Amino acid sequence: MMTPARLTRNGLTYGVLLLGSFITLAPLVVVGLTAFFPPGTPVDGFSVPDELHWGTFTTAWENGGFSAAFRTTLIVGAAVVAIVTACSVLAGFALAVLPFRGHRVLLYVFMAGIVTPYVALVIPMYFQFQELGLLGGYRSLILAEAGLYLGFGVFWMTSFFRSIPSTLLEAARLDGASSLRILWSIYLPVSRPAVITLMMLTFLSSWNEYLVPLILGGASSTPTVALGLASFQGQHLTDVPSLAAASLIVAVPAVLLYVLTQRTFFRGLLDGAVK
Amino acid sequence: MSMVRSTYRTEGGSVRGAAPARAVVRPARWRRNLVGWAYVAPALAVFAIAIIGPMVYGVWVSFFEWDGITAAKPVGLDNYASVFTDPGIRAALGHSLFLLVFYSVFPISIGLVFAAVIARQRLWMAPMWRTLLFLPQVLSIVVVGVAWQWILAADGPLNVALRGVGLGGVTRSWLGDFTWALPSEGAIGTWLMSGLCMVLLLAGAQTLDPQLYDAAAVDGAGPIRQFFHVTVPGLRNVIVVCLVLSAAVSLNNFGLIWVTTQGGPGDSTQVISTAIYTRAFVRSQLGMASALAIVVFFVMVGLAAVLARRSEDA
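Heads up: the protein sequence lines correspond to chains W and Y, in order.
Using our numbering, read the first sequence as starting at 1 and increasing by one per residue.
Using our numbering, read the second sequence as starting at 1 and increasing by one per residue.
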């Protein structure tokens, strides 16, 4: 039996949860629904389509050049995830576990990459890459994004490795295990959620990245999905159904990846952020 | 020479030989340093090419007046002088600080109240609520911008809803209005960051010791006093995490502003990030843009160093 006090408390709890979820979802649902109108239909307010018109998606996919954009974004994203994860795990391990001369200064150097607004970093990149002939193509995007996300990655792995009890390390040292072996067979297995969360965050950042391809992409190269959506918006300012369909095309893969991995993702995230 | 060698040998000998006082065999110090740097080397290499090299080049560019095409003219520190005197940049700084309230203060306050209401109960379908509330974080800023631009448009859903409840008088093109464009950008920021703060603060609140609340209740503290004397102090670290994350998003809100208003109408939504971009790629003042970028870089690194030192002391 629920006591009245308990009932009020439950009502309050789920009321707050429903309100929060409603405010989060309502704007997305309202926009998402318009994607099922035929392209160019004038819509206003909360329009619910009579029938689901999937054709808007195929039109938006073709007009927005999303096949090429998906390929570019996937290649760039995979490369960036590989570089950032490998570099962050190695550097984080040394910074957290192997005390060496200069480790504190190095950590500050990497942290400087987190706190600076990306624009302040990407504009000098533009000049430098232009000078070196690196502009356009995958190379510049991969290098720039790896550099931008690496600060967070190193910081993330360092603070996670620091939270692992050092008794494990001392025991392994006594057995004469090399540092690489200690990393591989002791530190990595217990860090799985943290590493997977880092990979997820890095891939999502790369998938959603707008500033880097806008500035470094150059006119000749294929845009990424976010940049593709932005230029699609420029060409279809008043065509709400097409805009909504293109937005969904960009959003759905990221949301799917997130929903499918949410268990591990939140375990890693909350371990890292709430200690 | 021989002295150096013998010192080294004794040191090595004492480590490798019978040194019962030390439980763990440690390699010589120079070797340890070398191994440490070897682990950091790949990350440092990427960082050097992508971040440090360009920053150094950016410092060089900042001493010139340059449009990116014609020959650059050296102007000494003039660009830096204009960074501090340019009224446009000062206004952008003010707008960024104004938005910080919407990106950080509001979401954290909302998250705290939310966490306080829910904290001490077992939630039905907890993962589902969490996944829902965090959703805005996984959307591209371009998607968020496109969606909200239509929601806030003259005939968009918000105005239709306002007319529906008899508030037709306040409807307007929210992002096209000199007074309302900036607060509207702020409202999008609050929407964007609240879920993140709720999820983190709720997770933090669930680790708080229930006995603290019981003790407070015994002392006669009602829900409000419990909130300010138990929940908020207990969540101090999580609040700092939320603050840092949301401040970072707020400084990086270039994409959102650029997709929705491009800094307009007029300059009413120009923020630091759009001001740098505009100077570089719209007005072709590359030296000026570099100087601004470098000033922002050093201000942020300085602030972060102060914060890091303070949190180490605490």
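Possibly wrong hints are sitting among the right ones.
Said to hold, decoys possible - So, partial list: chain W residues that the calculated Cβ filter (under 10 Å) puts toward chain Y:
1. T24
2. L74
3. A78
4. A86
5. G92
6. F93
7. V109
8. E145
9. L148
10. G217
11. T222
12. V225
13. A246
Everything labelled a hint here was simulated from the structure, so no lab data went into it.
Since this is a predicted model, take the numbers as computed values, not measurements.
Even for Gly, the Cβ is constructed at its ideal location relative to N, Cα and C.
Worksheet item: How about W:A86: closest beta carbon in chain Y under 10 Å, or not?
Response: With a minimum Cβ separation of about 7 Å from chain Y (threshold 10 Å), the hint on W:A86 holds.
Worksheet item: Taking the least C-beta to C-beta distance, is W:A78 closer than 10 Å to chain Y?
Response: violated (16 Å)
Worksheet item: If you take the shortest Cβ to Cβ gap from W:T24 to chain Y, is it below 10 Å?
Response: holds (6 Å)
Worksheet item: Close enough to count: is the Cβ of W:T222 nearer than 10 Å to one in chain Y?
Response: violated (16 Å)
Worksheet item: With a cut-off of 10 Å, does the beta carbon of W:F93 approach a beta carbon of chain Y closely enough for the hint to hold?
Response: holds (6 Å)
Worksheet item: Is the shortest C-beta separation between W:L148 and chain Y less than 10 Å?
Response: holds (7 Å)
Worksheet item: Regarding the hint that W:V225 lies at the interface with chain Y, is the smallest CB-CB distance below 10 Å?
Response: holds (7 Å)
Worksheet item: Quick one, is the W:L74 hint okay against chain Y at 10 Å, beta carbons?
Response: violated (15 Å)
Worksheet item: Does the CB of W:V109 sit less than 10 Å away from some CB of chain Y?
Response: Holds. Min distance 7 Å.
Discussion item. Is the interface hint satisfied for W:A246? The criterion is a beta-carbon contact with chain Y at less than 10 Å.
Written reply: holds (8 Å)
Worksheet item: At a threshold of 10 Å, is the proposed contact between W:E145 and chain Y supported by beta-carbon distances?
Response: At about 9 Å, which falls below the 10 Å cut-off, the nearest Cβ of chain Y leaves the hint on W:E145 intact, so it holds.
Discussion item. Holds or violated: the hint that W:G92 contacts chain Y, with Cβ atoms closer than 10 Å.
Written reply: Interface hint status for W:G92: holds (9 Å vs cutoff 10 Å).
Violated hints for the displayed structure, listed by number in ascending order: 2, 3, 10 and 11.
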